[in-house]
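S.K.: Sequence:
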Amino acid sequence: MSGPLLLGVRHHGPGSARAVRTALEAHAPAEVLVEGPAEADAVVRLAAEDAMRPPVALLAHVVDEPARAAFWPLAAFSPEWVAIRWALARDVPVRFFDLPAAHTLALPAEPAGPDSGGDGPSLRLDPLATLAAAAGHDDPERWWEDVVEHRGRSATGESDPLAPFTALAGAMAELRAAHGDGGRPRDLIREAHMRLRLREARRRQGDDAVAVVCGAWHVPALAAPAKVTDDRRLLRGLPRARVDVTWVPWTDRRLAHRSGYGAGVDSPGWYGHLFAAPDRPVERWMTRAARLLREEDMPVSPAEVIEAVRLADTLAALRDRPLAGLTETLDAVRAVLCGGSDVPLELVRERLVVGEALGEVPAGAPVVPLQRDLARQQRSLRLRAEGADRELALDLRRDVDVARSRLLHRLRLLGVPWGEPVGARSAGTGTFRESWLLRWEPELAVRVAEAGIWGTTVLSAATAKARRRAAETGDLAGLTTLAEQCLPAELPEALPAVMRALADRAALDTDVGHLAQALPPLVRSVRYGDVRGSDAAAPARVAAGLAERVRIGLPPACAGLDADGAAQLRRHLDTAHRAVVLLARGEPGEQGSGASGGELLSRWYGMLRDVVGRDRVPGLLRGRSARLLLDDGRLPEEEAAGLLRLALSPGTPPAEAAAWIEGFLSGSGLLLVHDTRLFALVDAWLTGVGEDVFTEVLPLLRRTFAPYEAGVRRTLGELVRRGPAPGGTGTEGLPGFAPDLDARRADAVLPTVRRLLAPGPAGTSARGPGGSRTAATASRRDAS
Numbered sequence: 046m047s048g049p050l051l052l053g054v055r056h057h058g059p060g061s062a063r064a065v066r067t068a069l070e071a072h073a074p075a076e077v078l079v080e081g082p083a084e085a086d087a088v089v090r091l092a093a094e095d096a097m098r099p100p101v102a103l104l105a106h107v108v109d110e111p112a113r114a115a116f117w118p119l120a121a122f123s124p125e126w127v128a129i130r131w132a133l134a135r136d137v138p139v140r141f142f143d144l145p146a147a148h149t150l151a152l153p154a155e156p157a158g159p160d161s162g163g164d165g166p167s168l169r170l171d172p173l174a175t176l177a178a179a180a181g182h183d184d185p186e187r188w189w190e191d192v193v194e195h196r197g198r199s200a201t202g203e204s205d206p207l208a209p210f211t212a213l214a215g216a217m218a219e220l221r222a223a224h225g226d227g228g229r230p231r232d233l234i235r236e237a238h239m240r241l242r243l244r245e246a247r248r249r250q251g252d253d254a255v256a257v258v259c260g261a262w263h264v265p266a267l268a269a270p271a272k273v274t275d276d277r278r279l280l281r282g283l284p285r286a287r288v289d290v291t292w293v294p295w296t297d298r299r300l301a302h303r304s305g306y307g308a309g310v311d312s313p314g315w316y317g318h319l320f321a322a323p324d325r326p327v328e329r330w331m332t333r334a335a336r337l338l339r340e341e342d343m344p345v346s347p348a349e350v351i352e353a354v355r356l357a358d359t360l361a362a363l364r365d366r367p368l369a370g371l372t373e374t375l376d377a378v379r380a381v382l383c384g385g386s387d388v389p390l391e392l393v394r395e396r397l398v399v400g401e402a403l404g405e406v407p408a409g410a411p412v413v414p415l416q417r418d419l420a421r422q423q424r425s426l427r428l429r430a431e432g433a434d435r436e437l438a439l440d441l442r443r444d445v446d447v448a449r450s451r452l453l454h455r456l457r458l459l460g461v462p463w464g465e466p467v468g469a470r471s472a473g474t475g476t477f478r479e480s481w482l483l484r485w486e487p488e489l490a491v492r493v494a495e496a497g498i499w500g501t502t503v504l505s506a507a508t509a510k511a512r513r514r515a516a517e518t519g520d521l522a523g524l525t526t527l528a529e530q531c532l533p534a535e536l537p538e539a540l541p542a543v544m545r546a547l548a549d550r551a552a553l554d555t556d557v558g559h560l561a562q563a564l565p566p567l568v569r570s571v572r573y574g575d576v577r578g579s580d581a582a583a584p585a586r587v588a589a590g591l592a593e594r595v596r597i598g599l600p601p602a603c604a605g606l607d608a609d610g611a612a613q614l615r616r617h618l619d620t621a622h623r624a625v626v627l628l629a630r631g632e633p634g635e636q637g638s639g640a641s642g643g644e645l646l647s648r649w650y651g652m653l654r655d656v657v658g659r660d661r662v663p664g665l666l667r668g669r670s671a672r673l674l675l676d677d678g679r680l681p682e683e684e685a686a687g688l689l690r691l692a693l694s695p696g697t698p699p700a701e702a703a704a705w706i707e708g709f710l711s712g713s714g715l716l717l718v719h720d721t722r723l724f725a726l727v728d729a730w731l732t733g734v735g736e737d738v739f740t741e742v743l744p745l746l747r748r749t750f751a752p753y754e755a756g757v758r759r760t761l762g763e764l765v766r767r768g769p770a771p772g773g774t775g776t777e778g779l780p781g782f783a784p785d786l787d788a789r790r791a792d793a794v795l796p797t798v799r800r801l802l803a804p805g806p807a808g809t810s811a812r813g814p815g816g817s818r819t820a821a822t823a824s825r826r827d828a829s
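Heads up, the sequence shown is in the working numbering, so the first residue is 46 and it goes up one at a time.
What the hints contain is simulated information worked out from the structure, not anything from laboratory work.
Restraint ranges, calculated between C-beta atoms of paired labels, are given here:
id: 1; residue 1: Arg244; residue 2: Glu405; range: 35 to 41 Å
id: 2; residue 1: Glu110; residue 2: Ala180; range: 40 to 46 Å
id: 3; residue 1: Arg679; residue 2: Arg767; range: 31 to 37 Å
id: 4; residue 1: Arg690; residue 2: Ser480; range: 45 to 51 Å
Computed from a predicted structure; not experimentally measured. By construction, the Cβ of each residue, glycine as well, lies at the ideal position given by its N, Cα and C atoms.
With the sequences and hints as input, model every part of the structure.
M.R.: So this is what it looks like as structure tokens:
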């Protein structure tokens with residue numbers, strides 16, 4: 046051998062990794078150079094520790110701007126990782142010789158491409174796809190698997206450990222001769238730096254004592270003669286940033302994405318299996334798949350495993366492949382082990398083809414102080430970071446679960462969403478239970494580093510960020526959301542600042558809609574604080590003040606609205622009503638300006654009565670206010686029936702009457718089912734509407750009745766179909782139950798109702814707002 050040992054590889058390629066290990070064992074170089082940022086030399090020895098378990102990644106980030114970061118991921122089957130471990134195990138110097146991250150992160154971003162990740166358009170050459178196309182294959186992954194990954198597993202072996210590298214280097218030389226830099230202008234700068242570092246290593250160890258492990262694309266540039274002055278000229282004047290480099294855990298799922306140097310691989314779990322399996326990879330893979338399916342209660346017998354292996358081998362022979370690859374293996378798993386179903390096959394893809402592994406790094410790896418505090422809390426609270434989804438149920442009556450919840454809430458406030466609440470506390474009531482879905486993503490390490498600018502501990506950082514957000518947030522809803530986040534996170538030094546900002550903003554906001562929207566999260570904060578034992582006095586005072594302002598501002602805001610404005614304000618009314626009732630009933634003590642919860646609720650009900658009695662208020666809002674009073678027992682049933690009778694009187698325009706009904710009846714139809722007087726009034730009004738305006742009010746009524754549950758609609762239909770009860774239910778003599786059929790009117794409306802309403806079961810009324818009229822005419826037809 047003359048000159049350095051240039052081992053061109055495919056990043057994350059198990060075949061390349063095996064070949065690198067074989068070549069290093071055969072030639073035993075005195076120094077190893079690996080593609081990666083030069084600053085990583087300071088942490089490379091951590092790779093030899095037992096606590097370092099791939100997949101892991103080198104993380105470099107700008108010190109003053111942690112969001113500017115880059116990863117260099119490594120798996121157990123990555124050739125670079127194999128070279129690093131080989132050198133460290135033998136005390137051979139190993140160095141990273143790529144362009145320093147200080148320059149990489151300071152340079153402007155390149156367009157996305159096969160080696161860089163991202164979703165943007167790219168004109169960069171894909172060497173793997175180009176070589177596969179030249180060989181007559183349209184599937185680059187399958188071609189690579191046949192010519193490289195299966196090398197050494199077939200019957201014919203290779204006596205020369207450098208043969209694969211020689212062949213690949215020649216192919217890359219031809220590609221570069223035909224395509225130049227392949228659309229990679231930054232690679233010219235990187236390769237200039239690589240050549241300079243390679244020259245230094247050759248001076249230290251001698252020409253034949255240095256091994257280089259890098260992407261095969263770079264080998265021709267490293268082997269070609271180049272002037273030192275030319276390389277230094279390319280590197281002169283490059284921008285530079287101050288960076289920190291460390292190791293962070295990585296995941297199999299992230300290896301399946303295009304990230305860091307080298308293209309991501311679609312099947313890291315499969316590649317890891319190929320690298321680790323000493324022999325019979327297909328048989329071992331089928332055994333793992335069978336074990337996984339059995340764990341999911343799917344019956345898989347040994348005979349089926351044998352048959353699946355035979356089928357995979359047969360498919361490989363039919364497709365002219367040297368060995369069964371992933372495609373044949375999955376086809377056999379689907380056909381034999383999964384019974385032809387893709388549902389269990391997706392489980393195999395997720396767990397075995399992609400994998401769920403999360404790497405580990407030693408405790409001594411350099412980290413920002415915030416990361417160190419987070420790791421300490423993770424250990425003390427027994428919250429292990431995992432790459433797979435994990436559901437965590439917390440009982441807030443237990444101190445350890447309260448501490449876990451507090452940590453997860455603080456991290457979310459810092460923009461580190463390790464956990465997402467699922468099925469958490471409802472919008473209306475507090476609860477002693479919380480459910481979280483935990484999943485650690487490698488990018489969260491960058492989020493933690495970025496959040497380190499706020500403080501050195503999770504508590505101090507969350508407090509500082511909450512105070513800054515309180516000062517910078519201008520909208521009321523944003524401030525109430527922040528208050529809702531601060532209370533479960535237990536930030537006693539931040540909450541007063543948030544409450545002051547919230548009170549100041551609420552004092553300046555005169556929009557009733559904004560105030561009504563801001564009220565529910567604040568009330569939830571009060572209720573949730575009670576459950577956790579937190580001090581919710583300040584949020585309770587602000588919430589009571591907001592409730593008073595909504596109460597005072599709602600009646601004048603209701604006047605003179607069009608249909609769209611009334612619909613929007615009706616949603617605000619419902620929202621504010623639920624919040625006020627919850628606040629008043631949950632806080633029997635002092636509220637706001639010396640008013641008890643009962644007094645607050647009494648004034649609120651007085652406002653609703655005021656709205657009900659205002660003629661200038663749209664019927665939708667008057668009807669809704671009446672319904673809220675009735676549901677809470679503040680409006681007698683006789684009075685409610687009188688209001689409905691008045692709203693449906695002949696002097697009320699049909700559209701206004703329909704709007705009143707929509708406000709009064711929307712949400713639940715049980716009121717009509719159990720109160721025959723109201724049922725009779727609505728049915729009488731509907732059957733008495735003239736045909737000239739019936740089609741005008743029908744959409745409004747359909748919007749009211751359509752959301753009812755199927756059982757409620759069916760019961761209402763039965764009531765109408767049966768007609769008036771013998772005992773006298775208030776329907777006697779009503780037009781809807783006249784003894785004679787008005788065939789002309791019934792036939793005119795029936796096609797419209799059929800188009801608008803879903804068909805119901807035989808013998809029941811049609812569903813929807815026209816059900817009363819249709820069923821009544823059908824009943825009269827049956828009687829006649």
